[in-house]
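There are 2 protein chains.
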Amino acid sequence: MDAAEFRRRGKEMVDYVADYLENIEKRLVYPDVEPGYLRSLIPTEAPLEPESYEDVIKDVERVIMPGITHWHSPYFFAYFSAASSYPAMLADMLCGALGCIGFSWAASPACTELETVMLDWLGKMLQLPECFIAGTHGSGGGVIQGTASEATLMSLLAARCKAIRRVQATNSNYSESDVLGKLVAYTSEQAHSSVERAALIGGVMMKQVPADNSYAVRVDMLKKMMEEDKAAGLIPFYFCATLGTTPSCAFDRIVELGPLCNEENIWMHIDAAYAGSAFICPEFRPLLNGVEFADSFNFNPHKWLLVNFDCSAMWVKKRTDIIGAFKMEPLYLKHENQESGLITDYRHWQIPLGRRFRSLKLWFVFRLYGLQGLQAHIRKQVALAKVFESLVRADKRFEICAEVIMGLVCFRLKGSNELNQNLLKRITDSREIHLVPCQLSGRFVLRFAICARTTESSHIQQAWRHITQLTFELLQEPSH
Amino acid sequence: MDAAEFRRRGKEMVDYVADYLENIEKRLVYPDVEPGYLRSLIPTEAPLEPESYEDVIKDVERVIMPGITHWHSPYFFAYFSAASSYPAMLADMLCGALGCIGFSWAASPACTELETVMLDWLGKMLQLPECFIAGTHGSGGGVIQGTASEATLMSLLAARCKAIRRVQATNSNYSESDVLGKLVAYTSEQAHSSVERAALIGGVMMKQVPADNSYAVRVDMLKKMMEEDKAAGLIPFYFCATLGTTPSCAFDRIVELGPLCNEENIWMHIDAAYAGSAFICPEFRPLLNGVEFADSFNFNPHKWLLVNFDCSAMWVKKRTDIIGAFKMEPLYLKHENQESGLITDYRHWQIPLGRRFRSLKLWFVFRLYGLQGLQAHIRKQVALAKVFESLVRADKRFEICAEVIMGLVCFRLKGSNELNQNLLKRITDSREIHLVPCQLSGRFVLRFAICARTTESSHIQQAWRHITQLTFELLQEPSH
Ligand SMILES: Cc1ncc(COP(=O)(O)O)c(C=O)c1O
Ligand SMILES: Cc1ncc(COP(=O)(O)O)c(C=O)c1O
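Protein chains in written order, with our numbering: chain A, 1 to 480; chain B, 1 to 480.
Chain A on its own, in the form it takes in the complex (with noise of 0.2 Å):
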């Protein structure tokens, strides 16, 4: 294919992404397939002459579309939000066309350099304290990781090594793997599984840590836990604390937290995946309060922000903890500017060489967007969960199990988990809307996230109408 052909063809694919997106409502939300449908729809070997084009794209419809779960589509209410917006993928295109691999400074200046500023605008955007901003010298800043679980796994590793040394420098006897042996990492029982799996990846015990009634962690029950665990003989390093838990939007109390884990010289590391955005909105900022304690933050404005996978935002407060965890220098990848202090090479902040310049769909974004557009956005999607939370509340066969604060109500049948369980399998077999379900306090809960963009009230309206009638059939049914 040359640039000529591309032109064209690139020009309908531009007319099947808007297609797709204008349409997209009409489609069955959740897939009607069988696991292992598409494997017989294609044949078993690549080609070895080329195919038409004509051929790959009447493919799409015929083999890729059944098996698609409609992410964007306005009755996708499952895990939660994922971000896309036409700026992204503008941004996107250019991105892949540069095809530019960002490892270093040297590797494409802009890269590196354009998302050092966006994590600027983006960490003024959330009011962050001035010690996560680069600016021209500060000593904090941030980076574009690909996925929350990679920033929890970067701060616990930049932690444990800190720690290592820490308690080798009193203790020369003690080895590495003497020190890995009695190191805890803590993090809440609703938090993210990717912070568990960080633990076992670093090779560290990590310890659940119970939560309050609403399901957020009390600085009390942590201290009480340390305390044990340091008269055990081990050593607490770090604490991963959650804003907008999985299951329910919770918000670990880190303003009580923060100062515990400052004075205990453990790693504060806050995972605000899904809410993180939110903090753009000043009336939900306060309950980022206390992120002065942290040595790390990160959010996925790949969830929430309108841009599009992936693009996870991660700040530290000294770069030189998470630089330091992991340099290497092979002459193939040094360059003359490294050590003017001037310049991040980011292979160092990530757990990957590679990088893609996803700081420009940050750039279009912001624009696009304005910070004003992005407010909008969220304060939208807030309300119409607000509208979906009344209309549970009216309906007395139903109950709301967790605050309501973002995006995401929860919400189930009084009655037996089973009867929830059949409740959603209905749900789910119908395919007209799609959720995933959640376990609070011992009990089967339905999630139900505002996810797409283009959802609107009257998709609300008629989801709790498809849920409702799916409830009365459910109810008749002589088994309840």
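No lab work stands behind these hints: they were computed from the structure.
Given the structure is predicted, the values throughout are model-derived calculations rather than measurements.
Certain hints may be false.
Straight-line alpha carbon distances no greater than 30 Å define the calculated DSSO-like cross-link-like pairs of lysine-lysine that follow [said to hold, decoys possible]:
id	chain 1	residue 1	chain 2	residue 2
1	B	182	A	230
2	A	182	A	124
3	B	425	A	162
4	A	124	B	58
5	A	162	B	162
Given the structure of chain A, go ahead and fit chain B with the ligands onto it with the hints provided.
Frame of chain A, contents of chain B with the ligands only:
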């Protein structure tokens, strides 16, 4: 921005992309900016109100392009190639629009299933042994990782987990950290820095195996080190072989190394990040002989197979090894088909949770080039490297520093390291072509890698004229 405006702007962007790539060779390949150049060109904060699209797009030339290292210029010969093709870009547009996050089968069945089948296609193109092919009930299979670094890390972590379980099964009084402290991983002294970094992340010791005169690891060296380590009470558990090392594109002798690893219960991972693509050509396939001994194998289609970054293909012989290392099952990620044995939840195979629909790029590229088209691309680039090699060999002032097997030529001026550093500095400062150095046997060597899809023989000739001109000027200087 609504769909109508996206149609317009998207088509403009398609033209911008085509214009950029058609005229790329007119740009200086290496940018002329100082560290920090970008910050002063844009505001210090995001705008409150939306800006116009015209203003944003104008800034691409004003702010971004001056700081771009043009990886797809035919005069870019640095690092290794980064793949780029129009079919891959089209697939990426589609991927962005679908915007599905494919962490589990249910999160978008097509995303998981196409990936499994595309990795089978690709595995067959490489003639991988049957045990790496998923098929309908194989115990092995493939996955797309973001980067080779992540693939190496995943393999090391899976090996670590297996080794810990094995050791604990016979020494029940060993704690996990006791075992960690005894585990030893090995890799070539010529291996990519990401391999050593994987061991750092995994908290295990890694030793560098000295390479032979051709920069390849031989079995006797590894065997000797392992014997010594075992005698010292350590537990060898992992060896990462490289096929196509970063400095000189050398090939570790996996045919001899593999049987040793198998006998000793050592996980052998093969990192063929760059060179792996060439194994689709029968004439290069013998270099992959011995892969049957490997537990995992990885290479980057995003380097040399015309699939834009990111797309790193990894296969494992036993899916259970990699899945078992980190399985986490919170309720919000469970779905009804997951225990059927028919499906794959790729989140267990990788560090991140979220993942894009990257297999679309493979599908488009394989079908629109055909195997023969891809082979032609590899062969053309290897032939261009041979052209460059001949030019160097014909000039008695220069020497070739390593056998030219694929698209990389390592060469230097006969003379001091300083002389060669000076030559490289002139090349870099001229900004007309771009190379990076490496170190081989203590000598400073220039790496000339055939990178861009659009590089032709005329560009090689021109690059060589440029190098000899700078050499002439350099050697004229009184100091030499
Ligand atoms: C609180 C929280 N943390 C982490 C994650 C994982 O996000 P990612 O896919 O970016 O790793 C999620 C995903 O929903 C989340 O809700
Ligand atoms: C042999 C080898 N391994 C690994 C890598 C790292 O690749 P990635 O950026 O995909 O992690 C490279 C990059 O050049 C390489 O040459």
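Status of each hint after checking the structure:
Among the hinted pairs, residue 182/B with residue 230/A is consistent with the structure: their alpha-carbon atoms are about 26 Å apart, no more than 30 Å. The suggested pairing of residue 182/A with residue 124/A is violated, with an alpha-carbon distance near 38 Å, which exceeds 30 Å. Taking the CA atoms of residue 425/B and residue 162/A, the gap is about 37 Å. The hint is violated against a cut of 30 Å. Restraint check for residue 124/A and residue 58/B: satisfied, since their Cα atoms lie roughly 25 Å apart, inside the 30 Å limit.
At roughly 28 Å between alpha-carbon atoms, residue 162/A and residue 162/B fall within 30 Å of each other, so this suggested pair holds.
Of the numbered hints listed earlier, those contradicted by the structure are 2 and 3.
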